[in-house]
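Chemist: The lines below spell out each chain.
Number of protein chains: 2
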Amino acid sequence: MKIVLAPNAFKESLPAPAIAQAMREGIHAVDPAIECVLIPMADGGDGTLEALVAARQGEFVSVGVHDPLMRPVKAVYGLIDDRRTAVIEMAAASGLRLLEAAERNPLRTTTYGTGELIRDALERGVQNLIIGIGGSATTDAGIGMAAALGFRLLDRQGNEMEPTGRSMKLINRIARDDTHPRLKPVKIQVACDVRNPLLGPEGAAPVYAPQKGADEAMVRELEEGLEQVCRRWEEDFHLHLRDLPGGGAAGGLGAGLVAFCGAELRSGVDLIAEFAGLEAALKGAALVMTGEGRIDESTAYGKVPAGVARLARKHRVPAIALTGNVGENLAPLYEAGLKAILPILIRPMSLPEALENTRACIRISTEQALRLWLAR
Amino acid sequence: MKIVLAPNAFKESLPAPAIAQAMREGIHAVDPAIECVLIPMADGGDGTLEALVAARQGEFVSVGVHDPLMRPVKAVYGLIDDRRTAVIEMAAASGLRLLEAAERNPLRTTTYGTGELIRDALERGVQNLIIGIGGSATTDAGIGMAAALGFRLLDRQGNEMEPTGRSMKLINRIARDDTHPRLKPVKIQVACDVRNPLLGPEGAAPVYAPQKGADEAMVRELEEGLEQVCRRWEEDFHLHLRDLPGGGAAGGLGAGLVAFCGAELRSGVDLIAEFAGLEAALKGAALVMTGEGRIDESTAYGKVPAGVARLARKHRVPAIALTGNVGENLAPLYEAGLKAILPILIRPMSLPEALENTRACIRISTEQALRLWLAR
Chain A
283 MKIVLAPNAF KESLPAPAIA QAMREGIHAV DPAIECVLIP MADGGDGTLE ALVAARQGEF
343 VSVGVHDPLM RPVKAVYGLI DDRRTAVIEM AAASGLRLLE AAERNPLRTT TYGTGELIRD
403 ALERGVQNLI IGIGGSATTD AGIGMAAALG FRLLDRQGNE MEPTGRSMKL INRIARDDTH
463 PRLKPVKIQV ACDVRNPLLG PEGAAPVYAP QKGADEAMVR ELEEGLEQVC RRWEEDFHLH
523 LRDLPGGGAA GGLGAGLVAF CGAELRSGVD LIAEFAGLEA ALKGAALVMT GEGRIDESTA
583 YGKVPAGVAR LARKHRVPAI ALTGNVGENL APLYEAGLKA ILPILIRPMS LPEALENTRA
643 CIRISTEQAL RLWLAR
Chain B
283 MKIVLAPNAF KESLPAPAIA QAMREGIHAV DPAIECVLIP MADGGDGTLE ALVAARQGEF
343 VSVGVHDPLM RPVKAVYGLI DDRRTAVIEM AAASGLRLLE AAERNPLRTT TYGTGELIRD
403 ALERGVQNLI IGIGGSATTD AGIGMAAALG FRLLDRQGNE MEPTGRSMKL INRIARDDTH
463 PRLKPVKIQV ACDVRNPLLG PEGAAPVYAP QKGADEAMVR ELEEGLEQVC RRWEEDFHLH
523 LRDLPGGGAA GGLGAGLVAF CGAELRSGVD LIAEFAGLEA ALKGAALVMT GEGRIDESTA
583 YGKVPAGVAR LARKHRVPAI ALTGNVGENL APLYEAGLKA ILPILIRPMS LPEALENTRA
643 CIRISTEQAL RLWLAR
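Top line first, the protein sequences correspond to chains A and B.
Here the first sequence is numbered in the numbering used here, starting from 283 and rising by one per residue.
Here the second sequence is numbered in the numbering used here, starting from 283 and rising by one per residue.
Treat the hints with care, as some may be off.
[Said to hold, decoys possible] DEER-style ranges, computed between Cβ atoms:
1) Glu-635(A) x Met-283(B): 34 to 40 Å
2) Ala-657(A) x Glu-546(B): 48 to 54 Å
3) Asp-313(B) x Arg-365(A): 50 to 56 Å
Bear in mind the hints are in silico, worked out from the structure with no lab data behind them.
Glycine residues also receive a C-beta, built at the ideal position from the N, C-alpha and C atoms.
Same shape as in the complex, but just chain A (with noise of 0.2 Å):
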C-alpha cells in the first residue's frame, strides 16, 4: 500500500519536511510495510523553499546580496532538477524579517536583493525559476530587482535613480539595453496567492503598504509611484498590466514579474504541487495526508490542504487532513475534495505548549487516523 504525506509546514511550529516525517512515523508504526512518499508542500508563502528543496532532494546555495535598505546580507535559495530550476523566496532578499520595526517604510525599501538572487541563479544556468513572492518589505512595483537585472530606471534628466519605493513617481523612461542576456530564455513561474490588481482601493498601497510601515501619505505617494511606473510599462513596453490579478502581490512585484521577466503568475499550491512532483506520487496511492496548523473555511481558497485534495480527487486518491485547529464552516473543504478533517492534539494543551509537541501530536494522531482508515 501506497501512502502520500503532503502537509503544508505547520506555522510558527514545525517545517512541511519534519511534518511530513512525523506523518511517516505514525504510518509506520501501524504497519512498516506501508510505502510512505513524503511531498511536503507549501502554498507560495513561508516554506516554500524548504518544501521543494525536501521533496526534491535538490541542495541550498547561499548569496551575498542586499537588503531591502540596501545593507549586505546572506540569502539562501534553492536548486532542484539537476540545477536546472531555482526555487527562490523573495522574503530571503527582501523580506520584511529582515528589517526592524522602526525601519519599515515601503518609500525607502527595495528589491534589489531579490534581483540579485535571479541573476545569480540565471548566472548557474537554471532553465526555471519558482519564485515566492510572500512576506515582502517593499512596495516597488518589482523596480529594484530590475536594477539588479540590467534595467535602467531614469529621471527627466536621464540620470539612473536608486530603485526604491519613492523613486517609482519620477521616473521618465525604463532603459532595457543593458539586461541580463540569460533572462528572455528562462522560463520564470512566480507563486502568487492574492488577486489583487496593482492600482486602486484593492491595490497594492492601500492594501499592503500599511502593514510594511506607511502612513496615509505614504499610501498615496506610493500609488502615485506604482501609476508612474505602470504608465512606462505600457509605453515603453507596451505592456497593459493594470488590471492583472495578483500584479499587486508583493508591493507590484506580481505585476514587476511579469512586466521585466515575462513571468506568469500561478496558484502557489498548484505550482508547488506541480514542481514537488504530488501528481506522479499519487498514482497508485491509497490515501493522501495533508495538513496545516489551523484549517477552517479559508483554507478552501489557494491553501495546501485544498489544493491537495482537488488534485487527490482528479486522481481517485480519498484526501484527509490534520489540524491543530478546526475551525467553522468547513463545507468548501469537502467540496474541493476533503474527506475528513482531524485534530490532532493528544491532550489539553496551551498553544505554546502545542507548537513544542507538534511532531508527537502529528504522529499520534496520524497512527489513530490510519488506524480508523484501515477499521473498515
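With chain A held as given, fit chain B onto it using these hints.
Modeler: Below, chain B alone, put in the same frame as chain A:
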C-alpha cells in the same frame, strides 16, 4: 446504517448520556439518516446510575436516608425495566463526597444509608438490584447496610451496637432472625472493579482507609475489626470470604454484600453493559463508538472503552474510542479490540477550557471520525 454510541462519562466534564448525545449530533452532521443507538455506559463508579437510567429510560427515586455520619440526607436511586430493577450507587448515601474533609473518619462512618436505599427498593417490589460501590466514606464491611436490613450486631453482653467502623472488633454475634423478608428472593449484583481482598496488606484498611481519613493507628484498628467481622461470617453464617477478590472494595462492603445479601460481585463494565442492553444494540451495527476522558494502558483493565471493545469484537462490530487525553502504551487496548483511539481537542486549550468544551469537541471529532471511516 446503525451506529452504537457507548461512551463512559468524561470525568469532571459531562455525564455519559450527554457525551452520547454529542456523538449523535456529530454523526447526524454527516448523514441524518444514520440510526444512532445511544447506550451511555459506566464502570460501576460515578455515573453508573445516570448512565443506566438514561440507557433504559428509567426513572429516579429520591429517598430520605442517613449519611455516613447518620445525619438525614436525601439520596437518589434509579428504577429501570418497568421498575423490576433498582440501580443504587452506594456513594449517594454513604459516599466520601457527603463529608467535609475534617469529618472523614472511617471509625465513625457507616454504610447504614446504603442499606436504607436497598430496603426502599425491596419494599417497592424490585426483583433485581444493581449496586455500584465506588467512592465510599466507610470501612465497615457493610455492617451499617446490614443493620438497616434487620441484621443485629451484638456485643458480648448481647447489646445491639451502632454499626460503624469502630464497632466491628467488638461484634460477638450477628443475629439474622429479623432480616428483611424480600432480601432472599431478590437477585443482587455488585459492580466491582477492584480485586482487593478484605484483609491483609492488599485489603480494605491499608489500601483504601487512608484516603477516607484514617491514620496508621486507625488502619490497624479497622483491620482488627474487619478480621472480627470475617470471623463472625465464618462462625455465624458459615461463609468463608477472606480471599474473595473484590471483597475489600468500598471498605469491605463488597464482602459484606456477599455475606449479608447473597450478592454476586461482577465486573462493573460487563454488568452495566448487560443491563444497558449493549449486546442487543450491537447486533447488526456497522460501528460502535466509545470514549472516556483519558485513555491509556490502564484503560484495558476494567474500564468502559475496553469492555465495549471486547463485546463489539464478539459481535464483529468495529469499535473506536474518542478521548481528550491519549496516553502511552495502547497495545493492550488494540488487543482488547479497539480499532483506533482518536483525540478530540479541536484547538489548543487548557484543561479547564477542555472540560468546558467537551460537547463541541466530541461533536466535531465524531463527525470527522465518521467522515474518515466512510472515506474508505
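Chemist: Any hints from earlier that this structure breaks? Give me their numbers in increasing order, please.
Modeler: 2
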